[in-house]
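Q: From first to last, the protein sequence lines are chains A and B. For the first sequence, my numbering begins at 1 and goes up steadily by one. For the second sequence, my numbering begins at 1 and goes up steadily by one.
No lab work stands behind these hints: they were computed from the structure. Note that beta-carbon positions come from the ideal geometry of N, C-alpha and C, so glycine has one too. Be aware that a few hints might be false.
[Claimed, not checked] Per label pair, the in silico range of CB-to-CB distance:
| id | chain 1 | residue 1 | chain 2 | residue 2 | range |
| --- | --- | --- | --- | --- | --- |
| 1 | B | 133 | A | 140 | 50 to 60 Å |
| 2 | B | 39 | A | 483 | 36 to 46 Å |
| 3 | A | 578 | B | 28 | 42 to 52 Å |
| 4 | A | 128 | B | 116 | 18 to 28 Å |
| 5 | A | 330 | B | 46 | 29 to 39 Å |
These are the residues of each chain, in order.
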Amino acid sequence: MGGCFSDVRGGKDAVGGALPRPTEPNAKNDGAHNDAIEFFYREHGAYPLFTQLELSFSASKLLDLDVTSKSDPMVVVYLKKNDGKLEELGRTEVILNNLNPVWIQKVSVAYQFEMVQNLIFRVYDVDTQYHNVPVKTLNLRDQEFLGEGSCVLSEIVTKQNRSLTLTLKGKNGHGGLRNFGTLTVHAEETIASRSAVEIKFRCAHLDNKDLFSKSDPFLRISRTVETGGSIPICKTEVVDNNLNPTWKPLCLSMQQFGSKDTPLVIECFDFNSDGNHVLIGKLQKSVADLEKLFKEKSGVNFFIPSSRADHEKVLKGQLFVDQFCEKEQFSFVDYISSGFELNFMVAVDFTGSNGDPRKPESLHHIDPYGRLNSYQQAITEVGQVIQFYDADKSFPAWGFGGRTANGTVSHCFNLNGNASESEVVGVEGIMAAYANALRNVALSGPTLFGQVVNRAAEIAASSLSSNNNKYYVLLIITDGILTDLQETKDALVRASNLPLSILIVGVGNADFKQMEILDADNGQRLESSTGRIATRDIVQFVPMRDVQSGQISVVQGLLEELPGQFLSYMRSMDIKPLTFNAAAQASTA
Amino acid sequence: MAASSRTLEITVISAENLKLDRKPIKKNASVTVRTDTNSQFRTTEMETEGGSYPRWNEKLVLDMPTHSRSITVEVQCKTSYGVRTIGTASIPASDFVGGYVPEGYLHFLSYRLRDHMGERNGIINISVRMKVPEMYACSSSTTSSHSKMGFPAAGNNNSGGGVAIGVPVWYGAYQKNY
Chain A
1 MGGCFSDVRG GKDAVGGALP RPTEPNAKND GAHNDAIEFF YREHGAYPLF TQLELSFSAS
61 KLLDLDVTSK SDPMVVVYLK KNDGKLEELG RTEVILNNLN PVWIQKVSVA YQFEMVQNLI
121 FRVYDVDTQY HNVPVKTLNL RDQEFLGEGS CVLSEIVTKQ NRSLTLTLKG KNGHGGLRNF
181 GTLTVHAEET IASRSAVEIK FRCAHLDNKD LFSKSDPFLR ISRTVETGGS IPICKTEVVD
241 NNLNPTWKPL CLSMQQFGSK DTPLVIECFD FNSDGNHVLI GKLQKSVADL EKLFKEKSGV
301 NFFIPSSRAD HEKVLKGQLF VDQFCEKEQF SFVDYISSGF ELNFMVAVDF TGSNGDPRKP
361 ESLHHIDPYG RLNSYQQAIT EVGQVIQFYD ADKSFPAWGF GGRTANGTVS HCFNLNGNAS
421 ESEVVGVEGI MAAYANALRN VALSGPTLFG QVVNRAAEIA ASSLSSNNNK YYVLLIITDG
481 ILTDLQETKD ALVRASNLPL SILIVGVGNA DFKQMEILDA DNGQRLESST GRIATRDIVQ
541 FVPMRDVQSG QISVVQGLLE ELPGQFLSYM RSMDIKPLTF NAAAQASTA
Chain B
1 MAASSRTLEI TVISAENLKL DRKPIKKNAS VTVRTDTNSQ FRTTEMETEG GSYPRWNEKL
61 VLDMPTHSRS ITVEVQCKTS YGVRTIGTAS IPASDFVGGY VPEGYLHFLS YRLRDHMGER
121 NGIINISVRM KVPEMYACSS STTSSHSKMG FPAAGNNNSG GGVAIGVPVW YGAYQKNY
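Please take these sequences and the hints and turn them into a complete structure.
A: Right, dumping it as structure tokens:
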């Protein structure tokens with residue numbers, strides 16, 4: 001199915017500076033520093049064995065697969081795991097009609113010093129509509145494959161200019177006679193920062209570059225890098241037919257622009273649907289300069305670099321800053337250290353699929369020589385993390401899918417055997433309650449999460465009456481195959497606008513496909529049977545076998561999405577850290 | 001003292017993937033919110049920039065009668081052939097009232113839109129807050145508690161006998177089986 005037409009509207013979209021939906025956390029690959037993990041290690045006296053990097057991409061001489069126009073390329077980045085499976089790390093945006101693209105959207109990856117990280121880059125020609133569509137929901141099967149490259153992450157990092165150029169090949173590494181072009185990957189460390197600026201740009205008297213109408217201008221902002229050259233950080237949307245355009249406000253984080261004094265290159269282009277945008281003019285200003293332009297309400301002229309190296313032509317066209325506003329975006333650790341509490345709850349799977357506990361193959365088998373079984377290992381490893389973040393170390397603990405003493409199967413029974421109080425103290429408390437439950441509860445079924453999720457949601461919702469500085473995390477430890485996926489989706493959707501996250505830890509070797517659907521990392525929001533859709537993604541899934549094989553530490557697995565989910569809740573409800581007071585608010589205005 | 005209706009603040013935030021005749025719409029989408037008794041409705045402005053992913057961020061205020069069970073959200077598009085309905089979603093009152101969540105909580109909700117044939121057609125994102133009656137409000141901040149009411153607050157009153165606080169009659173049933 002040859003792609004004939006490019007999505008021109010998609011090519012006119014803004015990239016890199018947009019304001020996200022209120023309840024959407026910054027996407028996994030926005031370069032946000034995972035300070036929750038670093039905080040954990042630092043408090044234990046250790047330093048994290050990884051550093052957060054941002055990868056930027058450009059390519060040249062890509063294959064042209066569109067019939068009446070050029071390819072619309074996008075890069076997808078994968079990590080090849082030890083078992084050969086590919087895990088998608090992120091995607092760039094789609095660039096219109098360009099065989100030598102320079103992408104703006106960065107992909108974030110944690111560079112682990114002591115591990116070999118095999119990265120695979122695949123370039124696709126996007127044939128479906130992508131105007132305003134979140135890039136991660138684009139179905140790769142509908143797109144055309146342009147080429148693939150691979151390398152080990154350390155190869156990029158150890159080069160002096162931190163850039164690596166790969167020759168693209170066909171699928172399965174066969175180059176054949178076709179020339180697929182090259183892909184250049186550049187890596188940079190991300191800086192943890194909480195500042196952002198919102199800027200509204202306007203231009204006046206721009207030159208006309210179109211023949212029968214006026215220019216269709218857009219701005220592209222780039223940052224110079226220490227190793228030379230510049231990297232684009234964002235572009236505005238295109239304003240049609242206008243020599244005095246005003247664009248929608250851009251929101252730039254300090255991670256993107258470096259510092260207020262870092263020189264930024266601002267270029268104004270005339271958009272052309274064939275991909276060859278004409279440069280109208282450029283100028284160089286830092287964020288501090290832009291703030292000055294706003295305060296003085298003055299404009300700055302664009303110039304065109306001339307063929308004669310020493311001479312630049314100053315143009316009539318000017319850039320103005322109509323709005324400039326600094327915003328503070330608090331980090332996860334800002335909230336926690338100001339007194340926000342994380343409260344953990346634990347639920348353990350007591351269904352028959354775990355195997356008869358008396359048999360040694362059972363996931364619930366208690367070894368007489370003291371070796372911990374899969375559940376005990378999971379509880380201990382996960383426990384060190386939750387004990388660190390939960391101040392009172394008092395956790396409600398439940399089991400589900402077991403037949404209790406009164407003969408009925410319960411999908412939410414207190415693990416400690418107590419009829420009214422579900423709480424246990426410390427990881428030792430969870431272990432003791434678990435061992436106790438194994439003696440008194442018979443494994444049964446079916447595997448249903450709905451009730452424990454509802455119970456956790458009740459607790460989270462009830463806490464809102466007295467204060468709003470508590471956030472709840474339900475840990476479900478399970479062997480993985482759900483009997484009723486829809487029932488679980490319904491419960492998760494109902495809980496999705498509450499201060500609650502659900503971490504599902506998978507033990508054993510089952511196929512955890514269903515858990516990946518619940519984790520919704522592909523952008524497909526969960527839908528309940530009543531037509532309600534999850535407000536935000538509150539689920540994260542960690543298979544214990546990834547932890548045991550050394551691919552990720554338990555801390556990283558558990559804490560990967562939690563800060564983002566926590567922040568999406570706090571920001572959408574406009575809740576600030578406790579130490580932030582009115583006086584501080586006035587001074588940043 | 002019975003309140004015959006409660007004030008609802010609905011902010012229509014955005015919609016996703018809106019189509020007419022299987023093609024994404026270009027512009028001029030608007031949203032109408034109405035009570036199930038059809039006693040009141042409010043409509044947003046038309047959106048011209050987002051195409052099939054419009055963003056309104058517009059607040060609509062409605063009075064919802066006490067016995068109302070749901071509100072309806074309808075997304076329309078003005079085309080050269082007139083105003084056409086893209087899809088509707090019915091929002092049960094239980095999604096933003098009752099349960100264990102305190103009154104006045106700001107609920108961020110999203111729903112699947114279905115067209116006149118019952119087919120899926122996009123998603124609508126809104127936020128809903130039920131205003132606490134003035135005489136019982138402690139403060140206007142989103143974060144304060146609303147527990148200082150003159151009579152049992154939503155959350156532990158199953159009988160519903162004679163105490164009308166704008167909560168649907170079937171609230172007690174909701175509390176037990178979710």
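Q: Determine for every hint whether it applies to the structure shown.
A: For each hint, the structure was consulted:
For residue 133 (chain B) paired with residue 140 (chain A), a C-beta distance near 53 Å keeps the hint of 50 to 60 Å intact. The hint said 36 to 46 Å for the Cβ distance between residue 39 (chain B) and residue 483 (chain A), and at roughly 43 Å that hint holds. Between residue 578 (chain A) and residue 28 (chain B) the C-beta distance comes to about 45 Å, which sits within the given range of 42 to 52 Å. Between residue 128 (chain A) and residue 116 (chain B) the beta carbon distance is about 26 Å. The supplied range of 18 to 28 Å therefore holds.
Distance hint check for residue 330 (chain A) and residue 46 (chain B): the Cβ-Cβ separation is about 36 Å, which falls inside the suggested range of 29 to 39 Å.
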